[in-house]
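Can you join these two chains into the complex? Each is in its own frame, and there are hints to help.
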Amino acid sequence: MNKDKAPAPADEKPVRATVVTVAHATGSNPAMLIDGPAPSKGDTFAATLANGVTYQGIVAATKPSGGKTLVTFANGIAPQE
Amino acid sequence: MATTEGIGGFLSVSAAAPATYDSTGYAALTWLDVVKGGDIPEYGPAHSVVTFTPLKTGIVDKFHGELNYGSFTLTGALDSSDTGQVALSAARVSKDEISFRETKSDGTVQYFSGKVMSFTSGSSVGSVVPFSAMIEATRATVAGA
Chain F
16 MNKDKAPAPA
26 DEKPVRATVV
36 TVAHATGSNP
46 AMLIDGPAPS
56 KGDTFAATLA
66 NGVTYQGIVA
76 ATKPSGGKTL
86 VTFANGIAPQ
96 E
Chain Y
349 MATTEGIGGF
359 LSVSAAAPAT
369 YDSTGYAALT
379 WLDVVKGGDI
389 PEYGPAHSVV
399 TFTPLKTGIV
409 DKFHGELNYG
419 SFTLTGALDS
429 SDTGQVALSA
439 ARVSKDEISF
449 RETKSDGTVQ
459 YFSGKVMSFT
469 SGSSVGSVVP
479 FSAMIEATRA
489 TVAGA
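Residue numbers (the numbering used here), protein chains in the order written: chain F, 16 to 96; chain Y, 349 to 493.
Check the hints yourself; a few may be wrong.
Stated by the list, open to error - Just the calculated beta-carbon pair ranges, DEER-fashion: (1) 75/F <-> 397/Y: 49 to 59 Å; (2) 83/F <-> 397/Y: 43 to 53 Å; (3) 470/Y <-> 89/F: 34 to 44 Å; (4) 401/Y <-> 41/F: 51 to 61 Å; (5) 406/Y <-> 38/F: 52 to 62 Å; (6) 40/F <-> 400/Y: 48 to 58 Å; (7) 37/F <-> 465/Y: 50 to 60 Å.
What the hints assert, rightly or not - Which chain Y residues face chain F? A few, computed with CB under 7 Å, are given here: (8) 365; (9) 368; (10) 378; (11) 379; (12) 381; (13) 405; (14) 406.
Since the hints were made in silico from the structure, they are not lab data.
We treat Cβ as the ideally placed atom computed from N, Cα and C, and that holds for glycine.
The following block holds chain Y by itself, in its conformation from the complex (with noise of 0.2 Å):
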């Protein structure tokens, strides 16, 4: 995708598991979009880095070690209408295995599976009451076809 401002951007989630991980898959779901969704942080796969240091070098080598697809946290303005954030939350308690859809502001799409582990409310004076929802992706970022 070229370079885009963000707004236009949005979550959506789908309870389903796909049929096939791939854009297809994902594809056939049903959405339900977080409407009052305010930001989505960075996310993506990341390996931790092993390293060794040979005793004759002294030079620390470096290697790929495990892969974490990696997670972060949805806010937004609480709104109990809002069915994307009603699944998100649902999603915490049943503890499964759920379906996300990135669309971005040019309309291009990425699909990921992950699982919200939390969805917390707070209230302040100066601002709407806002949600928050960690999500841990599980799977592969998939782009849209």
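Bound-form chain F, shown alone (with noise of 0.2 Å):
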């Protein structure tokens, strides 16, 4: 079940994130590596990358990653509309 959040208050600063690049057998996926909980598989997270661009994505899993949480996504990451 697809559990979307709710939009942020308007005062709520937006999630900050890097994107890293997660690399498999004939190509590569971005994710984000982020301080704080971990979001949930089947959600949609959205965080706001160094270029000042929210980018969303489906959650496909999370892992502890260096003290931060690596969120990786089921079809990639694209600019909030």
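Dropping the structure here:
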């Protein structure tokens, strides 16, 4: 079940993330390194990257990585409209 | 990057354009590797030369003219299961500007955007069935973070 989160209140700062590349045999997918609580698999997760653009994607998995949380996505990420 | 061997390098393509033409925008894309690519020739920006020779001195003065981000022909072994090759061929048909990522053997990357002008193949005795894809860069190269 897709558990889309309600939009954040206007005064709430968007989550900031660092984009990282996760390679596989025939290519690579973008993932995010975030601070704070991990989203759940299937959530639509959005965060703002260093270029100031907020991207979103459907969470495929999360795992701890160097004190942060690595969030991988089912179908990549795209700028939030 | 330090001097390094070429083996291990490869080109990747993404049919999408980045939201921003910087390392973060490119890194946020999903990439397909051209797994059976064989050679990535040199490419990069180059200016034409504009000259003017004053009658008084007869010495050629030189200026930077138009800027061309360059082109190269990627070659390799044709393989219809190579999703990177499929993306290159599709970009020739669509005529879209797509995104490219070159990964060096030491893991460093650089990005650029460009168009695929041709995707050709042939056959000959003594070699694998090859492909050639001519790529015209349309934007500046961007070093990966």
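Please flag the earlier hints that this structure goes against, numbers listed from lowest up.
7, 8, 13 and 14
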